[in-house]
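> Chain residues, written in single-letter form:
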Amino acid sequence: MIWKIIGQSVIGTSHIQSGKTCEDASSFKILTLPDGEEALILFVSDGAGSAAFAAKAAEESVIKAIDLATVLIQSESAFNDGILQGFGEQLYDHIERLAKEEQVPKNEFSCTLLGAILLPDKSVFIQIGDGAIVTSNQDGFFTPVWWPHNGEYQNTTAFLIDDPNLPTLKIKVLDSAVMEIAVFTDGLQMLTLNNETESVHQPFFEGLFPWLRKASSSENISILNSRLIDYLSGASINARTDDDKTLLLATRQ
Amino acid sequence: MDEYISFEQVPFGSDDFADNPESRCPCMLLLDTSGSMGGMPIRELNDGIQGLKNELQQDALAAKRVEIAMITFGPVSLESDFQTVDNFYPKNLAASGDTPIGKAVAMGIELVNQRKQTYRENGVGYYKPWIILITDGGPTDDWSAAARMVQEGEAANKFAFFAIGVESANMEILRKLSVREPIKLKGLMFREFFLWLSASMKMVSSKNPGEQTRLLPPSGWVDL
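The listed protein sequences correspond, in order, to chains S and D.
Residue numbering for the first sequence follows this note's numbering, starting at 1 and increasing by one per position.
Residue numbering for the second sequence follows this note's numbering, starting at 254 and increasing by one per position.
So here's chain S without its partners, still in its complex pose (with noise of 0.2 Å):
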């Protein structure tokens, strides 16, 4: 075991008050490399509230994104732009085809997505829209990928359906390993990103990963990954974001 993951998609209030679903979702997959190495393959996604295939849109692009990674993984492919161009590509297809069999607008198939596919010598990630991705070497010190953008209102961000030339798609490459990475939604930004000095909140993940870098089974994990749905659902979440909040956590350490 070399990767250690637990991630959860928890619906917020202003949801569960208007009687509608989490429309966040969530997703990640670990392969074992012919060499006994492991890549991990982590999705999340924010469907936009007001889009009618929402939770759909969002749940599709994370199943789909795992597919398409592993399949890049396997065929042993390059990471450059022009494959990862290729990679957002088939993805805004797979969610205009099943806009079509809909027969509804595409933008009701809006959502974010953001993730990441880490090799032991690489590490690839991907987004449009807005929530975050942080990661950390040997320190534990958390440090985004990008600082999120919103447009000019709050509410306001890219979506995957946007536009088929992926304009606000963003990729990075690095030719080195992460050891943690954290991927979560903008219902979690508020609270886990300090706005004023555009940096991680540390305290927030000093709560959770030493917890995941202690789990040494399969069982840890597993009641570590229930104990995150209580703490995303908990009243000091809810008082601070009514939104769908996602999160998920990866460590090597």
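By construction, these hints were calculated from the structure, which means they are not laboratory data.
Any given hint might turn out to be false.
So these bits of chain D aren't anywhere near chain S, every CB distance computed over 10 Å [stated by the list, open to error]:
| hint | residue |
| --- | --- |
| 1 | Asn273 |
| 2 | Ser276 |
| 3 | Met293 |
| 4 | Ser330 |
| 5 | Tyr342 |
| 6 | Arg368 |
| 7 | Gly378 |
| 8 | Lys381 |
| 9 | Gly391 |
| 10 | Arg401 |
| 11 | Glu425 |
| 12 | Val475 |
Sample of chain D residues at the chain S side, in silico, Cβ under 8 Å [as the list claims (entries may be wrong)]:
| hint | residue |
| --- | --- |
| 13 | Ile258 |
| 14 | Phe260 |
| 15 | Val263 |
| 16 | Gly266 |
| 17 | Asp268 |
| 18 | Asp269 |
| 19 | Leu314 |
| 20 | Gln370 |
| 21 | Glu374 |
| 22 | Gly376 |
Cβ coordinates follow ideal geometry from the N, Cα and C atoms, glycine included.
Once you've looked at the hints, dock chain D against the given chain S.
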């Protein structure tokens, strides 16, 4: 041997969150308090505004997020500058004077723009501002400049402007003033209107594809 840890018991997850100011949702009310609003209408309007405060206050996040300002006319006067709901204490409005809608709209837009500037200077996120005009008459001043400001502001996605006509309101002019179709209030159902407004503002934070302002379907208080 590994130390034994009971993962069911460990203090998993911190209550120490980033201390960012809550994003604000500014709402500018432009209220007709001209002589013709005297009697029942002004009483119902006062009750409606109180109801708006009470409703928003019951929602912990809306109470921190929604900011209300009130301009009355005429004469045009800033009755209450932008305040979060907790600090919004609507005074009882009295009816008198004429109906300078043009001047009130211009002042409302100006104050909304200033408010956004203040948010930006303080690193506070915000939602699209709403400007709501409520009148039972027609403008007694020149309103062409105001109409242009509304059009330009809506086109540039600077705010959403809604016109609500009461009783004998001049709906023809409201239609020219507002890009969105003005709505005629049924009777004096201010209370129902403000309940709808508060419910719409509570869901304002939901993410939007495109730039449209999403509202709950108006129910009950619209005169069709």
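> With reference to the structure, classify each hint as holding or not holding.
Going through the hints against the structure:
1. Asn273: With a cut-off of 10 Å, D/Asn273 comes too close to chain S, as the shortest Cβ separation is near 5 Å.
2. Ser276: violated (4 Å)
3. Met293: holds (33 Å)
4. Ser330: It holds; D/Ser330 is separated from chain S by about 29 Å at its closest Cβ, greater than 10 Å.
5. Tyr342: Correct as stated: the minimum Cβ-Cβ distance to chain S is 24 Å, above 10 Å.
6. Arg368: holds (13 Å)
7. Gly378: Violated, because the least Cβ-Cβ distance between D/Gly378 and chain S comes to about 4 Å, which does not exceed 10 Å.
8. Lys381: Per Cβ check, D/Lys381 is inside 10 Å of chain S; nearest 5 Å; violated.
9. Gly391: holds (33 Å)
10. Arg401: holds (22 Å)
11. Glu425: holds (32 Å)
12. Val475: For D/Val475, whose nearest Cβ neighbour in chain S is about 21 Å away, the distance exceeds 10 Å, so it holds.
13. Ile258: holds (6 Å)
14. Phe260: holds (4 Å)
15. Val263: holds (5 Å)
16. Gly266: Holds, about 4 Å.
17. Asp268: holds (5 Å)
18. Asp269: holds (4 Å)
19. Leu314: Check passed: Cβ of D/Leu314 comes within 5 Å of chain S, closer than 8 Å.
20. Gln370: violated (12 Å)
21. Glu374: Not OK, violated: D/Glu374 not within 8 Å of chain S, min 12 Å.
22. Gly376: OK, holds: D/Gly376 within 8 Å of chain S, min 5 Å.
When the structure is compared with the earlier hints, violations turn up for hints 1, 2, 7, 8, 20, 21 and for no others.
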